[in-house]
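Visitor: Going down the list, the protein sequences come from chains A and B.
Residues 9 to 130 in the numbering used here are what the first sequence spells out, letter by letter.
Residues 928 to 1038 in the numbering used here are what the second sequence spells out, letter by letter.
By construction, these hints were calculated from the structure, which means they are not laboratory data.
Here the structure is a predicted model, which is why all the values come from computation and not from measurement.
Be aware that a few hints might be false.
Said to hold, decoys possible - Result set (DSS-like, lysine-lysine): computed pairs, CA atoms no more than 27 Å apart in a straight line:
1. A:Lys86 to B:Lys973
2. A:Lys62 to A:Lys75
3. A:Lys86 to A:Lys62
4. A:Lys51 to A:Lys62
5. B:Lys973 to A:Lys75
6. A:Lys51 to B:Lys973
7. B:Lys1034 to B:Lys973
8. A:Lys51 to B:Lys1034
9. A:Lys62 to B:Lys973
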Amino acid sequence: EVQLVESGGGLVQPGRSLRLSCTASGFTFGDYAMSWVRQAPGKGLEWVGFIRSKTYGGTTQYAASVKGRFTISRDDSKSIAYLQMTSLKTEDTAVYYCTRGLWFGEYCFDYWGQGTLVTVSS
Amino acid sequence: QSVLTQPPSASGTPGQRVTISCSGSSSNIGSNYVYWYQQLPGTAPKLLIYRNNQRPSGVPDRFSGSKSGTSASLAISGLRSEDEAAYYCAAWDDSLSVPYVFGTGTKVTVL
């Protein structure tokens, strides 16, 4: 059974940093891209970014709203994807979901974790 | 801000058919596949439709997707109480600023 478990969320002050982790199980982690999607309280979904598998270069792409502040990385030996967030703003407050990216000519985000809440406030 | 536009709400009685629209542009829906996600209250989103009209294993055939030009739609036939949820369309976008875009979301209420 595919499982994605996010951790690392919490309360952080504006301007500070936070690192989220996504621990995967039930599939060969290194064969898949991994993505992060966030949802502000009471709002819709916003794609944050993703990292391709090593087979496809392990490259990353980000939404403009987080580019230069957020970094996605992966440790295939531990089946963990990370979201390093720096220079956090109050508008980054959201539930952050980790998703698996299945490639079939396009990436399809087929499995989602339960999410971890990040609150940016002084 | 979302670049895919959905109606904020839709409703129906049990057994009815409900359709949700998703309007985009040539850089997203017009040139890439459409995906639909279902988010039940208090839970994480779940993939409902991929590649415009394909259902993952376990998704009932009451859910169907279609695409025409720069628009797409999700139909729920035989509406059930457990279908009450938020539904989001999504697509890859050929612009560099937001490579993957979600719709504004539609809350479906079963009356």
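Visitor: Starting from lysine 1034 (chain B), check that the Cα of lysine 973 (chain B) is at most 27 Å away, please.
Guide: 15 Å, holds
Visitor: Given the hint that lysine 62 (chain A) pairs with lysine 973 (chain B), does the C-alpha gap stay at or below 27 Å?
Guide: Holds: lysine 62 (chain A) and lysine 973 (chain B) sit about 26 Å apart, inside 27 Å.
Visitor: What's the verdict on lysine 51 (chain A) and lysine 973 (chain B), does the C-alpha distance respect the 27 Å limit or exceed it?
Guide: Holds: lysine 51 (chain A) and lysine 973 (chain B) sit about 17 Å apart, inside 27 Å.
Visitor: Within 27 Å, alpha carbon to alpha carbon, are lysine 51 (chain A) and lysine 1034 (chain B)?
Guide: 12 Å, holds
Visitor: Check the hint pairing lysine 86 (chain A) with lysine 973 (chain B) against an upper bound of 27 Å on the C-alpha distance.
Guide: 25 Å, holds
Visitor: Are the Cα positions of lysine 62 (chain A) and lysine 75 (chain A) separated by 27 Å at most?
Guide: Status holds; Cα separation ~21 Å.
Visitor: Taking 27 Å as the top limit, are the C-alpha atoms of lysine 86 (chain A) and lysine 62 (chain A) close enough?
Guide: 14 Å, holds
Visitor: Lysine 973 (chain B) and lysine 75 (chain A) were given as a pair; does the straight-line alpha-carbon distance stay at or below 27 Å?
Guide: 26 Å, holds
Visitor: With the threshold set at 27 Å, check whether the alpha-carbon distance from lysine 51 (chain A) to lysine 62 (chain A) stays at or below it.
Guide: 33 Å, violated
Of the hints listed earlier, the one the structure fails to meet is number 4.
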